[in-house]
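Since the structure of chain A is already known, use the hints to place chain B on it.
Read top to bottom, the protein sequences are chains A and B.
Final position of the first sequence in my numbering is 267; the numbers increase by one with none missing.
Final position of the second sequence in my numbering is 405; the numbers increase by one with none missing.
Because the hints were derived from the structure by calculation, they are not lab data.
For glycine and all other residues, C-beta sits at the position ideal for the given N, C-alpha and C.
It is possible that some hints are incorrect.
Pair ranges (Cβ atoms, derived) [stated by the list, open to error]:
(1) B:Asn389 x A:His35: 36 to 46 angstroms
(2) A:Ala141 x B:Val327: 45 to 55 angstroms
(3) A:Pro246 x B:Val364: 44 to 54 angstroms
(4) A:Leu36 x B:Leu356: 19 to 29 angstroms
(5) A:Arg26 x B:Asn389: 28 to 38 angstroms
With the Cβ distance kept under 10 angstroms, some of the chain A side facing chain B (calculated, not the full set) [to be verified]:
(6) Glu21
(7) Pro22
(8) Lys23
(9) Gly25
(10) Arg26
(11) Ala27
(12) Phe28
(13) Leu29
(14) Thr30
(15) Leu32
(16) Leu34
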Amino acid sequence: MTGNRFIRRGTRTDIEPKLGRAFLTSLTLHLLVFLIFSGLIWPNLSGEKRPVYYVDLVNLPVERPQAGRPAAAPVKKEKPKAKTPVVKKSSPKVEKSATVPVTPKEKVPAGPSDSEIAERIAAMQKKKEKRKEIDALKEKLAALTSQETRGEDAVPDAPIGMPEGSGDQAGPSDMAWLQAYLKQQWALSEYQVTRLDLKALVRLQYDKKGRLTDFRFLEKSGDAIFDDSVKSAILKSRQLPLPEPVRFREVDVEFNLKDLLN
Amino acid sequence: MDLIMGAGPVVKGVLLVLVYFSVVSWAIIFLKMKTINRAKKDSEAFLEMFWSKKRFDVVQQNLKEFAHSPLTVLFREAYHELARSQRQTDDDEAFGIDMRGADNVARALRRATTQELQRLEKFLTFLATTGSTAPFIGLFGTVWGIMDSFRSIGQTGSASLAVVAPGISEALVATAIGLVAAIPAVVAYNHFVNKVNLLSGEMDNFSQEFLNIIEHMGRRK
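Only chain A is shown next, with the shape it has when bound in the complex:
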């Protein structure tokens, strides 16, 4: 009897599939899944980017909105509690700094002429004005830093416009306004539809007076209830509350259920 009888040689190892190859396949698969879901190959799979509309229906829409925010006229939010201590702190400093340099200078002129005195007074007045300006700026800065900004507009005094606006007119973009107006007229519950990723593209035609003259679906959602709700929203807003003449005549509007539910 030669060798260990319990070890069978050459029976399996040659035909047995190797783990290394399977490991490489698995690694490739994982990398592919990662690339797909990270959005590096197809950005759409990483999550649909929903459009954000900043629209204030109070301000009339304009064709070329300027940079700013579409909210109504800037709301001045006064917070005296935050402002007052800052002002109190800064005011005595101003008085001190204003008075301290003046007193030694008043003692110095013993025999200068009237013209020199007048020049000095003028220079002092200029200095005083500059200090006042600096104090006012300091006050503003202190008030801004002490303000609670969460949940409020970041820049309350921003001009009326659109965040991405590059035009020269004050007011929200007319396209964004129309989208928001139509959305306001649109009513549909998520329980009425079977899917949440429904959307439809509609071409709307208006006349000068802002009356709807025609509309047709460029893309239907495939859900009859959804399409009916879009149709009723369009018909409900057949007269736009805009002054004549209305600029846009033919507009393609996308009705997205996710936007509505948001």
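Chain B only, in chain A's frame:
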């Protein structure tokens, strides 16, 4: 992607471990799928061939065509053992050949069955380990992430959603990936164990049939 990059070092470590578990699990799944499918296919073909032939030496000559079947190994081992017993019996005719030869073949068959089962079940324990531990590892990452997130709440002094939500969502990624690693591993483990059990049954049946044939042969002599 942002969720993973924004996670803390401990959560990232946990994610790495889970990715390792997942990659190795899938490698084993691919490997076993190939091995077991081939074994099943070749076994069916071998049995067909085995019952169609009337002589063991003819069957022995065709074994190479069914190399992936565990039954071919059983047959080869039994055949060699039978040949050895017969040689010994020819040398020493004083002993009865039948029962001693059959016992030897039965032992050879049992040994071959055990060895083949070990081969078929190789790496399956890793799938079971992944299935049972990956969710807990993920949970550990989540708990750690939530602890971090609560610490940041304490530091900022704000319990608003803006402070709490990102930390918790980053932490929950660990549990999600733990489940992603564990679910296929558990499903594959159960599937392969079932297939191996079927093959084991086939091997047992074949062993019994083979022993029966030997006994019949012995009686005829």
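Interface hint for leucine 29 of chain A, Cβ within 10 angstroms of any Cβ on chain B: With Cβ-Cβ at 8 angstroms, under 10 angstroms, it holds.
Can we keep the lysine 23 of chain A interface hint, with Cβ of chain B closer than 10 angstroms? This interface hint holds because 8 angstroms falls under the 10 angstroms limit.
With a cut-off of 10 angstroms, does the beta carbon of leucine 34 of chain A approach a beta carbon of chain B closely enough for the hint to hold? Hint holds; leucine 34 of chain A Cβ to chain B Cβ min 6 angstroms, cut 10 angstroms.
Using the beta carbons of proline 246 of chain A and valine 364 of chain B, state whether their distance is inside 44 to 54 angstroms or not. Because 52 angstroms falls inside the window, the suggested range holds.
Quick check: does the Cβ-Cβ distance between arginine 26 of chain A and asparagine 389 of chain B fall within 28 to 38 angstroms? 33 angstroms, holds
Using the nearest Cβ pair, does proline 22 of chain A come within less than 10 angstroms of chain B? 5 angstroms, holds
Any CB of chain B closer than 10 angstroms to the CB of glutamate 21 of chain A? Holds, because the Cβ-Cβ distance from glutamate 21 of chain A to chain B comes to roughly 7 angstroms (cut-off 10 angstroms).
Holds or violated: is there a CB of chain B closer than 10 angstroms to the CB of phenylalanine 28 of chain A? Cβ of phenylalanine 28 of chain A sits 4 angstroms from chain B, so the hint holds.
Note whether the CB distance of asparagine 389 of chain B and histidine 35 of chain A lies within 36 to 46 angstroms or breaks it. 40 angstroms, holds
Chain B contact restraint on alanine 27 of chain A - CB to CB distance below 10 angstroms: 4 angstroms, holds
Holds or violated: is the Cβ of arginine 26 of chain A closer than 10 angstroms to a Cβ in chain B? It holds, given that the least Cβ distance between arginine 26 of chain A and chain B is near 8 angstroms, below 10 angstroms.
How does the Cβ-Cβ distance of leucine 36 of chain A and leucine 356 of chain B compare with 19 to 29 angstroms: does it lie in that range? 23 angstroms, holds
The earlier numbered hints are all upheld by this structure, with none contradicted.
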